[in-house]
Each structure stands twice: as C-alpha cells, then as structure tokens.
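> Sequence:
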Amino acid sequence: MPEPGECTDPPRKVTKDDVTISFARSGGAGGQNVNKVNTKVDMRLHLERASDWLHPWVARRLMVLEKNRVNKDGELVIQSSRFRTQSQNVDDALEKMQACLNRASKLPQQKANKTAKKKLVKQAEKANKVRLENKKRGSDKKKLRNKKNIEWD
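Heads up: the sequence shown begins at 1 in full-length UniProt numbering, then just goes up one per residue.
One or more hints might be untrue.
Said to hold, decoys possible - The calculated label-pair distances, taken between Cβ atoms and stated as ranges, are:
1) R84 / K111: 42 to 50 Å
2) V130 / T15: 54 to 62 Å
3) L65 / G138: 30 to 38 Å
4) K114 / R60: 45 to 53 Å
5) D17 / T85: 17 to 25 Å
6) K16 / L107: 25 to 33 Å
Worth flagging that the hints you see were computed from the coordinates, not collected in a lab. Beta carbons are placed, not taken as given, at the ideal position from N, Cα and C, and that holds for glycine.
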C-alpha cells in the first residue's frame, strides 16, 4: 500500500519506446491476408526496467492484478489481433497496456469499519421490519374483503 504522498495518480502514458514489440501472423478468419501478413502484435513491458518511470508499488500490484499476463521474466505481455493492420493493433495494444497500468495505480477500496457496518445492519433490519408491517397491513385489508367474515344478525 502506498504511504501518504506516494504514487496514486495514473502513470504517464506508455509509448512505443517503453515496450518491446514483435509481430506474428494473426489467426482466425480472413482468407489469404491472414496467412500472408504479420498483423498480430505481441507487446512486452519489462516491469523492472520501467522502474525509472513506473512506481514500484504499481509494478507489484500489476503482478497481482494481471498475474496471467506477467511472465516469469517479469514482463507484462499484451497481445492484439483485433484489426487488419499492424499500426491499429499496436495502438490497441498500447491502449490495453495503459488500461492495465491505470487499474494497478488505483488504490484498492477500503473496507468499511465496524461502526459503519453496524449502522448498515441496523438500517437493513429497520427496512425489513417496515416491509413486514406493510405486508401485514395489506394482508389484513384483504382479509376484511372476505365475505366469510360477515356476521348476519
């Protein structure tokens, strides 16, 4: 957890200079173009090398939040084959990587303290009690409509 005054702001924008980019043939439908052109992007950000601009707390949190995308070498790996062109896939992968970094830089939500929890429980119990009372009133009203209850003198 960052201490007061430490990094909680989103990190700076990731650029092509910060990452290692490689290309491969994209899979899936697309005919001959898929088989001929290397449009799939494999983008890697080495978290230790990015320590000069990436806060260590954010890097540690990335390893927890994106554990399926961080390999044994400590690289955050993002792939994109959404578009038909390399340049669009590079931009898409950069956006995905930036979204991961932004998510990791946000502070986790604090859990509610005990007094707040007690207050919430009390409110829920009171609301339930009011609901049951209203339900009982409606039931009584409908019972009054029942003709079997009428007494003839």
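> Looking back at the hints listed earlier, which ones does the structure fail to meet?
3, 4
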